[in-house]
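Mind docking chain H on chain S? Use the hints.
As given, the protein sequences belong to chains S and H, one line each in that order.
If you use numbering that gives the first Met the number 0, the first sequence corresponds to residues 0 to 138, in order.
If you use numbering that gives the first Met the number 0, the second sequence corresponds to residues 0 to 180, in order.
One or more of the hints may lead you astray.
Here are the simulated lysine-lysine pairs, BS3-like style, with alpha carbons at most 25 Å apart [said to hold, decoys possible]:
1. H:Lys44 / S:Lys63
2. H:Lys89 / S:Lys67
3. S:Lys76 / H:Lys57
4. S:Lys67 / H:Lys171
Hints in this document: simulated from the structure, not taken from any laboratory.
All figures in this text were calculated on a predicted structure; none of them were measured in a lab.
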Amino acid sequence: MRKIVNLLKQTIVEQLWLIALLTPLVVLAILGVITYTKHKSAVFNVEKRILVSDVQLSRSEIAKMVTKPLNELMSIKVYFDDQSSLDNALIASLSDQEIIHRDSAGAILQNLPRRNRVAMLTYVSSRRIKKNQTVAGLG
Amino acid sequence: MFGKFKLLRMACAVALSFCICSPVVVLAATTESAVKAGFIYNFSKFIEWPASTKLYTKFNICIVGDSRLEDGLDALEGKMVGNKPISVHKKISKDSLKNCQILFIAEDGDQETYALLHATGNAPVVTVSDSPEFILKGGMIGLIRNGSRVGFEVNLTPANAADIHFRAQLLKLAKNVRGLK
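The following block holds chain S by itself, in its conformation from the complex (with noise of 0.2 Å):
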């Protein structure tokens, strides 16, 4: 028992430049398997949700819309394609669901850039505290 775990240790002293090099491997491997899930899941939520084609009108549908009185068509919000904003762009005939799940992939674009948003602030205001303690230094 002794000679097995005298030969691991052995093993394990001879081939560390081999896990040095593969751990800091692994760990970035898994860290990227699980934020590609993350992000996987999220697109694939919003697939699911939205590219589905009964998120679009149905003949039925069509049908019903086309049938409907002139003051009531008048009434109903359209999305126009100059309108390049989602958010702005409401949609007729949407269930409550699916304005839901339209709104949540909304978010989570809007999150986005916020988010470089906050690291292009963060740069630029530690780029001045740089350069006033430069400018103080000199002074």
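Chain H only, in chain S's frame:
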């Protein structure tokens, strides 16, 4: 290493935005076309055509240009206007335009719009379009954007010349009426 993550994050963001944007565009076009088709169907209830059109066995709705509206207009096929079933015609020749009761012009080009209006002449054809300033070009009904809603404006001058009568209920709902005596 961090560049790799940034790239992955960016790729995810691009994929996510693509997933979100593409269905919205598809849906948008469908909704817009359904609403516009609804307008066209409703116009037929508030317009009176001259007696000469009573000879037609079908109520002909014709569309020139925009293929996106076809989905909406297809839903009108077979519905009744008065005692006539609606027949939707796509890709029709200029010579046949005079047989349409409603002609939807979805051409962006001014020249094409003028050419189509010229082709209908004073025939009893209600011309409808969503192109900008359509009624100023001589069209009868222009679909306009009213915020995030669809509205319409009416030009009575060509309608009177074609002996087409627009009912007061329709004119009340119009955002703008030209040629009112």
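Do the hints match the structure? See the list:
1. At most 25 Å may separate the alpha-carbon atoms for a hinted pair to count; Lys44 (chain H) and Lys63 (chain S) meet this at roughly 17 Å.
2. Restraint check: the Cα-Cα separation between Lys89 (chain H) and Lys67 (chain S) comes to about 23 Å, which is no more than 25 Å; the hinted pair holds.
3. Between Lys76 (chain S) and Lys57 (chain H) the alpha-carbon distance is near 32 Å, which puts this suggested pair outside the 25 Å criterion.
4. As the CA atoms of Lys67 (chain S) and Lys171 (chain H) are separated by approximately 18 Å, the hinted pair is consistent with the 25 Å bound.
The structure fails hint 3 only (numbered hints given earlier).
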